[in-house]
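Novice: Based on the sequences and whatever the hints tell you, model everything.
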Amino acid sequence: MLLRLAHRFGVLVASLVASSLVVFGFMQVLPGNPARVALGVNASEAAVAQMTAEYGLDRPLVVQYLDWVGGMLTLDPGIEYVSKAPIGPQVADRLGVTLWLVVAAMLLAFVVAVPVGVWMAVRHRHADGVVLSGVSQVGVAVPAFLAGILLISVFAVRLGWVPSGGWVPPAQDPVEFLRRLVLPAVSLALVQGSVLARYVRSAVLDVLREDYLRTARAKGLRPMEALWKHGLRNAAVPVVTVLGLQLATLLVGAVVVERVFVIPGLGSLLIDSVAGRELLTVQTVVMVLVVAVLVINFVVDALYLAIDPRLRTAR
Amino acid sequence: MSTAATGAAGAGRRAGDEPVLDVRGLHVRTRHTELLSDVDLTIRRGERVGLIGESGSGKSLTALAVLGLLGEGLTATGGVHLAGHEGNLLERSEGGLARIRGDDMAMVFQEPMTALNPTMRVGAQVAEAMTVHGSASRSQARRRAVDLLDQVGLPDPEHAARAYPHQLSGGQRQRVVAAIALANDPVLLVCDEPTTALDVTVQALVLDLIVTGVQSRDAALLFITHDLAVVATVCERVLVMYGGRIVEAGPVGQVFTDPRHQYTAGLLAASDLTAAGARRERSALPTIPGTVPPAGRFPDGCVFRNRCPAATGQCATRPPWTPRGDHGAGETASGYACFYPAGGELR
Amino acid sequence: MSEAGSPAGMMPSTPVVGTGRRHLNPSLFVGGGLVLLVVAMALVSYVWTPYPPMRVLGTEAYQTPNADFWLGTDRFRRDVLSQILVGARTTLYVGVVAVGVAALVGVPLGILAAMSGGWLGQTVMRANDILLAFPALLLAIMFAALYGGSTQVAMIAIGIATIPSFARITRSGALGVMSTDYVTAARAAGHGPFAIALRHVLPNVAGLVIVQASVAFAIAILAEAALAYLGLGTPTGQASWGRMLYEAQSTLRSAPHLVLVPGAAIALAVLGFNLFGDGLRDYLDPKLERR
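Chains as they are written, first to last, in numbering that gives the first Met the number 0: chain A, 0 to 314; chain B, 0 to 346; chain C, 0 to 290.
Just a few of them, taken from the derived set where beta-carbon distance is under 8 Å, the chain A residues facing chain C: (1) Val21; (2) Phe144; (3) Val156; (4) Ala247; (5) Val281; (6) Leu293.
If you're looking for bench data, these hints aren't it; they were derived computationally from the structure. Ideal Cβ positions, reconstructed from N, Cα and C, are used throughout, including at glycine.
Specialist: As structure tokens, this is what we get:
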């Protein structure tokens, strides 16, 4: 068990190194001279030369790479090319905002989707199960930002219950924070919840066909009792996978909803940096997101081991 | 196999009169087709009854209907009565049935590899059978689970109780399933091909523990199989099923040596027990012509008539049950449903 | 179960009747219908649109649907229906490019990984795992940072991000095929790996790949809409449903139909491809029963 976990951790570290090389190569090596890209085609040779010198872009790539990685590990990846603002605090700030949004959305999605998914599976031959299943299919098909726009039009514009956007840190005003969090969180949760509910449904359907559920009933457990005690843990394996994937996509996918609701999250920083040609910032934000995805994957693997004893001894 | 002698010799000679299980006119159907038709069967205390037939004949459905475990979309009508419980089990609510299941009636399934929850320790799964019926406290149940695992012959039961199913072999898992079924000393044990999925060497051991378990509890046993040799070993009486009906019933010795229904006769000829040594000459073995039709495609009248050598126009009407001898468990316990019985000659 | 080691007295075994006929399920029908509708819209747009889609017309802006403009006009006084029709082309184009890139790279990689095992197969799958750490939208944004925002760039990025899912599904399908007797027989008969891959493996994983393609198509449509909305996808002056949404957002209050129409178009297209994929999976694999 510990050996498996250690192995997984090794994979995590190796993946981190490999993906950082990919990001660095993609953002620094592929474009030729990053200074040229940052300053645009019309920049003078002098300006490019100055920037190259200033940021040490003419040093050997290995040195630059280690410099960048070292900077990230010490939470100080450098300063922006154009605005000269330090990148570290910005990223930390924005990441905090995005995490609030993503975690709230995921919790909301989870709390609704699991019971609904189980219900859809148990009642899959009945009208209510089929109708719910159809609704969830539609939910999957609606882009999150469209849901956001529609939610704004109803709850902010027409009813005026909540503001249509903006961000207030929770420490500053918890109530206002929640008022501004609810619509973006719901619009992300609608889509993710629909996806999750469908996976829960199919995982539970698979479990419902399992012999051990019949054994449990032959023992004297009622059908729902059997599903609860014996089925859910077994259904959890595929659901945990999806949860991990969703959390990872949400970290990036939240960017669109952040745009709709004018929220200063990590994704917005990324898009602004792309528009402003702040390549080092782009590179850093991308790496932060990739690290998050890889760590999530590691946690998912660890959860597998906790859920399914068969995996602990395998291999 | 120590049980072989008791099986054949003690046929039909047991006292103990009140039926433990009494099934009357059981029908099972989907929305469109009838899968079981008018099944009658009675099992007395301590009696071991086999239910045989080819795949698709309705054996497992009978068992599931008795326990109320039919899948969605299947409905059962008729009467199922269990000793000690008022009224028709088929009319009970799911909750009412759940109270009996695993307590007074229990079941052992065919596939030990999938019958246990892979994410739960074996001991806990056995103990749950007791806690769910309140027959033991949590700690008692845990201790009795280890005892039960010992009873069904698992080596090092303490250790086995802490194991997960995937750490046990198929034979060991089936013992665990048997331990679960026997946990609350049921009056009726239903076994659905409990040894089919096991290695031949393990089969005998598992059969032995089932028979011992049933005998020591004086419980009734309904044993489903397609293996005639196993029936001869385990059971005293046998029911032959074809096309969702019971076509012949009687003491094992009588049915196997002197079958009346043409289907039983064909079955025995095809799997000739005495001439088993001649198996290498496969082509020379007799077979029943044709194949079992899919559910709902059986002919009306006698369900076997499209494969029967003796069938005539008369067989288009349903043959009545002809009782045979005077069996203590009533006239459905021994008899046949055939217009042209095989008349006693060995084929 | 009747073969090998059956003791004397076994019943004559009859072949178990194959269950599950292949039946056309409602998902396949509805999904297929919606997909056909999108295709039909794109085809129609080549021969006919009510008005030139991107031309500013001499009429009022923000018209609600009426006899002249069936789906109304936008703030630039352009016909919405015409844009929707032409936008269907973009939607299909996007899906074809993304799924094409993903399948053309992912499927051979998956087959390679399955057939070669050893270090080569391991390396392929490891590289796959690394790529998996880059969500599609992130990769698209990275591409946009270097190469600027355009439909092609965005879709190639989405396609690259989708390679791992194709490679994985192909590999698992191919591994199944490789263990069958007829592949062993083909090997024994001296057929080379390339011939086996073409003749046995590819046809057998085709179903899986088509199902995956349908689902990936839906994801690509969603991604294009998101990118267009972020200003990183389809540029101004080109008809795209995502772009229409972006332009309509500020006028949500006065002209909600400008959001609802392209929004519904996107949702229906995505729904169509998702349902089609689901239905196809059930159709190709009747063992799974109907869900």
